[in-house]
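S.K.: Using the hints, put the two chains back together into the complex; each one sits in its own frame.
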Amino acid sequence: MGDLKVIGKRIPKKDAPLKTTGAAVYIQDMKVPGMLYGRILYSKYPHAKIVKIDTSKAEALPGVKVVLTGADVPNNFKFGFIKDNPPLKTGKVLSTRDEVAAVAAISPEIAEEALDLINIEYEELPGIFDPLEAMKEGAAMVHEEFKSNVLKMPWKFVAGDVEAAKKASAFIAEDTFSTQWVTHCCLGTSGCIASLDINNNLTMYSNTQIPSLAQNDFLEALKVFGFKNKRVRVIQCVIGGGFGSKLDTYAYEYIAILLALKARKPVKIVFSREDEFLATSPRQCTITKISQGCDKDGRLTFREMEMILDNGAYTSWGATTPSVMMVPISSLYKVPNIFYRAKCVYTNNTYSQAFRGYGNPQATFAIESNLDQLAEKAGIDPLEIRRINANEPGEVTPQNFKITSCGMKECIDEVVNRLDWKNKSGKHNGRGVGMASLIHVGGAARVYKSDGCGTIIKVDDNGKVDVITGSSEIGQGSETIISQIVAEVLGMSIDDINVINNDTDVCPWDVGAHASRTTFVAGNSALGAAQKIKTQIMEIAAKNLGESPEALEMKDGIIFSVKDKEKNISLGKVLRKVHYTLGGRMLVAEHFYDPPNENFDQNFKGNLSVAYAYGAHGVEVEVDKETGQVKILNYIAAHDVGKALNPMLLEGQIYGGGLMGIGYALGEKMIWDKGYLKNGTFLDYKMPTVQDAPPVQAVIVETDEQAGPFGAKGIGEPGLVPTAPAIANAIYDAVGVRIKDLPITPEKVLAALKEKEKGNP
Amino acid sequence: MKRIITLNVNEKEYEVAVAPNRTLAQVLREDLNLLGTKIGCDMGDCGACTVILDDRPVNSCLVLAVQANERKITTIEGVADGPHLHPVQQAFVEHGAIQCGFCSPGMILSAKSLLEKNSKPTEYEIREALSGNLCRCTGYQKIVEAVKAASQTMKK
Numbered sequence: 001m002g003d004l005k006v007i008g009k010r011i012p013k014k015d016a017p018l019k020t021t022g023a024a025v026y027i028q029d030m031k032v033p034g035m036l037y038g039r040i041l042y043s044k045y046p047h048a049k050i051v052k053i054d055t056s057k058a059e060a061l062p063g064v065k066v067v068l069t070g071a072d073v074p075n076n077f078k079f080g081f082i083k084d085n086p087p088l089k090t091g092k093v094l095s096t097r098d099e100v101a102a103v104a105a106i107s108p109e110i111a112e113e114a115l116d117l118i119n120i121e122y123e124e125l126p127g128i129f130d131p132l133e134a135m136k137e138g139a140a141m142v143h144e145e146f147k148s149n150v151l152k153m154p155w156k157f158v159a160g161d162v163e164a165a166k167k168a169s170a171f172i173a174e175d176t177f178s179t180q181w182v183t184h185c186c187l188g189t190s191g192c193i194a195s196l197d198i199n200n201n202l203t204m205y206s207n208t209q210i211p212s213l214a215q216n217d218f219l220e221a222l223k224v225f226g227f228k229n230k231r232v233r234v235i236q237c238v239i240g241g242g243f244g245s246k247l248d249t250y251a252y253e254y255i256a257i258l259l260a261l262k263a264r265k266p267v268k269i270v271f272s273r274e275d276e277f278l279a280t281s282p283r284q285c286t287i288t289k290i291s292q293g294c295d296k297d298g299r300l301t302f303r304e305m306e307m308i309l310d311n312g313a314y315t316s317w318g319a320t321t322p323s324v325m326m327v328p329i330s331s332l333y334k335v336p337n338i339f340y341r342a343k344c345v346y347t348n349n350t351y352s353q354a355f356r357g358y359g360n361p362q363a364t365f366a367i368e369s370n371l372d373q374l375a376e377k378a379g380i381d382p383l384e385i386r387r388i389n390a391n392e393p394g395e396v397t398p399q400n401f402k403i404t405s406c407g408m409k410e411c412i413d414e415v416v417n418r419l420d421w422k423n424k425s426g427k428h429n430g431r432g433v434g435m436a437s438l439i440h441v442g443g444a445a446r447v448y449k450s451d452g453c454g455t456i457i458k459v460d461d462n463g464k465v466d467v468i469t470g471s472s473e474i475g476q477g478s479e480t481i482i483s484q485i486v487a488e489v490l491g492m493s494i495d496d497i498n499v500i501n502n503d504t505d506v507c508p509w510d511v512g513a514h515a516s517r518t519t520f521v522a523g524n525s526a527l528g529a530a531q532k533i534k535t536q537i538m539e540i541a542a543k544n545l546g547e548s549p550e551a552l553e554m555k556d557g558i559i560f561s562v563k564d565k566e567k568n569i570s571l572g573k574v575l576r577k578v579h580y581t582l583g584g585r586m587l588v589a590e591h592f593y594d595p596p597n598e599n600f601d602q603n604f605k606g607n608l609s610v611a612y613a614y615g616a617h618g619v620e621v622e623v624d625k626e627t628g629q630v631k632i633l634n635y636i637a638a639h640d641v642g643k644a645l646n647p648m649l650l651e652g653q654i655y656g657g658g659l660m661g662i663g664y665a666l667g668e669k670m671i672w673d674k675g676y677l678k679n680g681t682f683l684d685y686k687m688p689t690v691q692d693a694p695p696v697q698a699v700i701v702e703t704d705e706q707a708g709p710f711g712a713k714g715i716g717e718p719g720l721v722p723t724a725p726a727i728a729n730a731i732y733d734a735v736g737v738r739i740k741d742l743p744i745t746p747e748k749v750l751a752a753l754k755e756k757e758k759g760n761p
Numbered sequence: 001m002k003r004i005i006t007l008n009v010n011e012k013e014y015e016v017a018v019a020p021n022r023t024l025a026q027v028l029r030e031d032l033n034l035l036g037t038k039i040g041c042d043m044g045d046c047g048a049c050t051v052i053l054d055d056r057p058v059n060s061c062l063v064l065a066v067q068a069n070e071r072k073i074t075t076i077e078g079v080a081d082g083p084h085l086h087p088v089q090q091a092f093v094e095h096g097a098i099q100c101g102f103c104s105p106g107m108i109l110s111a112k113s114l115l116e117k118n119s120k121p122t123e124y125e126i127r128e129a130l131s132g133n134l135c136r137c138t139g140y141q142k143i144v145e146a147v148k149a150a151s152q153t154m155k156k
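Chains as they are written, first to last, in this note's numbering: chain A, 1 to 761; chain B, 1 to 156.
A few of these clues could be false.
Taking beta-carbon pairs under 7 Å as the criterion, some of the chain B residues facing chain A (in silico) [what the hints assert, rightly or not]: (1) Ala48; (2) Thr122; (3) Tyr140.
Hints were generated in silico from the structure; no laboratory data involved. Where is the CB? At the ideal position from N, CA and C, for every residue including glycine.
Just chain B, same shape as in the assembly (with noise of 0.2 Å):
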């Protein structure tokens, strides 16, 4: 049976007809067509299909979508300003700390939802925050670089 749900996505509502084992990241992708979601593995290991439910980067593989019932989500669609990058976004392109991308969304809303409620973290601060995203192109470094160059720009 399906239930219909609303979803504020990246500040607009959609009203959405949905199974109850669909989970959010599937929803996103084939309902909403945001396929900037990615999935990496679909059992909550890589933070590939990172977005952020109300305040906290959740693993939308792992959400049920009749669970984001009328909550707040931001996808990697709803984080630039129009066609100017958020401040975490241009690190991420001016740092090198994109190569293949699959990971890229889901590092990226990580790495903002750590910036919004702690603006000057410590390097640890950032690799904890980022612990549940998996890269395999970068080896992490470019990445945290980004993340702290990103918290910089922010503060000003």
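Next up, chain A with everything else stripped away, as it sits in the complex (with noise of 0.2 Å):
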């Protein structure tokens, strides 16, 4: 790759002076002319009809300018992954985050004073909160036009022969696991600013992480309204983090276009922190039931797992996320005998989206937790069942990924390096050692037609550069990455570079921010594009100089020969020339960069990523046997990135995805009780404070990615992924108890050490 100048170095995040000085504008502090204040009236019970609802007090209200209700919603609109959801409801409620009626008055503190004034009367029905309940004969059906509270979706994976492979193996386990609700927690919670011209073309200020599959669904949803043939413009303010959870499009955007276009005027709806936690979608719980098996020398023979997830009363981003799940299921080590099946379950619960991981979590969990237990069975070090099973480059698995890169081994053994794993492991004095790996995809995921991204990039008379880019910013870095890309294949600096990538109206098409992507495909679009651009400058610094485009180099903005470097020009100089001259030129450039990687097929065999991400963690804990809690001595977590671009961000996606995941294992749950939501403040969340982060390594282990912009893989959520099995395993090496449900709370520790006490396993 020669003398890197840019790419490989710890290079500060672009905009951090912009937000280090308070200056960055997120939804929060978005004004626009004439704007009014939306608030939503969420339903009382998780369960009801509707009997009436009175708005007329609310619309007495001086200040109050529109109040809608489920009525108000033109042509029987429904939004979401199946089209189940109605932004306000009509006749019965599903969930108590179903939204019920929207003010829009002159300001907040009247929106909300309105909402108090909307009688609803309601008649109570039964709810259903419990997946396997739902699931039984006679169950009294969430969506009654469905005939079934078990969603029509095809999650089933199948390779080789599990029966058979069962019979052979020398060893098996069986367990059974459960996971909980977790939420994204962003700081900055969600919020909108819809507005509509006099032809009812919509400018939406948002701060989603899909711009253009939220401008189609905007499109889509005015035209429902009655409104065809309309431009939708999605400008993104400055992100308060994103996790997942502005991956899909919500209610509360459609009721402020529908405030909008009944009051004639902008409408801003942001979410008060308890919106946030009661009316985002989280990480669903499951419950996974695992078996895996082995042959007498610890190789794997076979993994069979069925899962049920919770899908609440709505259908999401949530119940795709078994097609992920199906990645380290099918994938994670070598399994030749494959057996997969899932269900989504309607529930009156809150309905779930997409999380930082999109489902791996879950069945990592399960997977890694499974794999200790089979390894206590054969009388294998949990390290070298590890070893003995991981994946290689250049294999092909079940699902048919054609594993390029991968650096699983090297990972592990730093892991073993790092915790001092054979001097630790297997003491059962209280102290522990735990180690689990992760596969997810490191080059896109084709889950949509395009994987693309497209960039323009234009060059200015001074030789400052313009990027273009359809990729989306939500804290990650990527606009740093992207001026990284740009400068070092124009030889500038990265202060030269300016990325636009806020304006649907300015931008290129992207699919989004969503499986680790960004960097990949945003990155392999920019390179491109630059690419280009340096043809074309040196074609005309050829002309000026004299020289073949061949025999020339550019660096720092100047163009030289490289065999005579007195023989140089300017990069601005050359375009001026190309403006100032008559018959001139632009000189722009644009990539479309769409990855080679396959849609599955029909039975979910296909190469869904061009390359994959791989990583272990291993973890050490303290375990009090008086109270249960469990501390965290150190925490290793080696992640496979092919070439990391630059360092610093990338171990800040690893130290944000482990404490992340170190909140998923230890603490964090949101608690619904029969429907209702418990602990929807910061106080009652344990979201992990500095306090709580233990001691991290992020460990890079740079493999050559040949597909990658520069060699690079994914980064963005692999590092929570074997987070809370790493931990589990850790607990139990240290006093002998195996914590099946998440989170792992000292009351679980406690209550299972007394029953080990007990001479119960």
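M.R.: Here's what the structure looks like:
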């Protein structure tokens, strides 16, 4: 790769100075002239008939401009993955986050007051809150029209012959694991401003992480509302955290549009923290039955998994997470025979969505916990069973994933060496070590027909570059990575590169910030565009210098002959010559990168990603037998990232993901009790603070990924994928109890220790 | 009934007419247009709205504006010296302590307040001082590193 000047350097995030001075404008800070403030009234009950709604008092309140109920939603409009969710409900409510009425007023205070004046008469109905109950014969239907609480989803993957493999296995371990609801906790809450012009073209100020798809969703909504062939412009403010929460459009956005249509004024809805907990969609809880087997030497023979996912009352991307759960289920370690089936079940709980890892954390918790159980049965060190079965470059997995670069073994070795595994494991003296590995998509994921991203580059008269990208910046640092790539190709400073990434009127199409894909896809797109503009620049400079383009190089804004450096011309001069010449032209290049990955076929086979990200986490814990408290003494997070384009930002992803995973493992849980959220504040929901954050070592393992931009793979999600099982395995090593239900609270550890004393396993 | 109060914000005096139930966070943001003070929960749980009141960091969502009458307030807008970042801000930039940035103003003010009182804090003291500021992006590690680095530069 030669001598890299910008790539691989610890370059600060480009927008950091803006953010450290308080100058960054988030949706909370955004105002447009004439704007009204919208608020939403949520259902009082998890399941009830709406008998009567009286909005007259709210409408009479001075300052209230519009009050809407479900009756005001035109043409039975519904949104979501299978269009089962009306933005305002009529007839029945199916969860306590159901939107029943909305108000637009001249101040947030008046809007809030108006909500209190809306009288709704409900007739409460019995609800279903347990997916197992919902699956029973004769259970009441959450959606009567669907005739079943189990969603019609095709989630099944089969490879080889599991039954035959079971018979041939020397050892089999079988168990059931469960996980809880957790929520994103973005520090900046959700919000939008919907603004319509006289012709009903919509401008949406938004913090979405999927601008192009959101644009499409809003266009469709306008169409159903009776406004065909309109334009939708999505402008992203600075986004106060995403983590998947902004991967779908929500009811509040459609409500803002409806309020704006009726008021003929822009309407802003920004969630309070309580709204954010209640009305954004968490990572769903799961129940997983798993069985894995190996031969006498520890080679895995089969993996069988059945999962039940609580879908909640409506359907968003949560129902599609089994497609990513399949990634570790089919392809984490070499396993020839696989059976997997998942059922998503409607309940009267909150509906689930995407959250960093997209199903992978739940699946990996079961796989990696159960793998330790199998290792124990087989009498093999948990480390050895992982080494024996580790993935390798060149492998084709049962789902037809073509493994290119793979640093899994190196990651495991890093964990082993840095934890001093040999000396610390198997002591059972209150201290213990555990590990778990991960596979995730690392070179995009073809979920839609296109997995692409566009880039436009234009160069101005002074040698500065504008990079107009489809990709979104949600804190991860995409604007910096893209600048580094372009700067490297053009031999420029990243300070001369300006990234424009927040306006669908300007920016090309992109699927969105998901699947850890931005560095890989938007990076490759920017790389292609930079190379094209470089070719143009070199051709023009060559003419001016009387050289051939191949004889030239560009560095620090100067283009020079490699043989004779005296023969040179500044980039700015080249550009001015291009503009200020009769018959002049513009210097613009575009590049659309759509990775050569594959959609799954109907049997869920296909090379979903161009490259796969690997990693291994290892942890040393101390368990207090008196209190059940688990203390993390040391945490190693080793990740195969391809080439680290910016190690500092990359470590930030690992630390951030890692602590999110530690929260998932040890404390975070949304408590939904019979459909009511009991801990919807930061005081009650135990998101880790700086004092809860244990020492984490982020270890970067570099492999050469040929398809990645300068060799890079994705790292957005992997940091939290293997955290929970690594910790659970360490606790088992320390005190001999296995917690199979997340989070691993002191109460659960203590109860398990007591059971163990009684002689129960 | 609105009351007229005087706030000394970032060494500038403001006279504002405020209703008694308005919080300092609201008045800073809505009346003075100092939008760098972020409201992450409005319940005193997350620390995003931290400002320095006299010489103590406070959650400005839990302080009534009238309580701040004739007191000295530092918001994030008053931390940099013109175009020059404060050492804490500079360290946050250079050490990768910023991701989405929503917690950053409050985090920086908590750190600045600590370093003004204790120029050589231990890691424990840093973590204690920042414990009221939630961050979901960074895992806190680089934030703690940044505060350590800032304490080194500020000593010089």
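S.K.: Each hint: holds or not?
M.R.: Okay, the hints, checked on the actual structure:
1. Ala48: It holds, given that the least Cβ distance between Ala48/B and chain A is near 6 Å, below 7 Å.
2. Thr122: With a minimum Cβ separation of about 13 Å from chain A (threshold 7 Å), the hint on Thr122/B is violated.
3. Tyr140: holds, 4 Å
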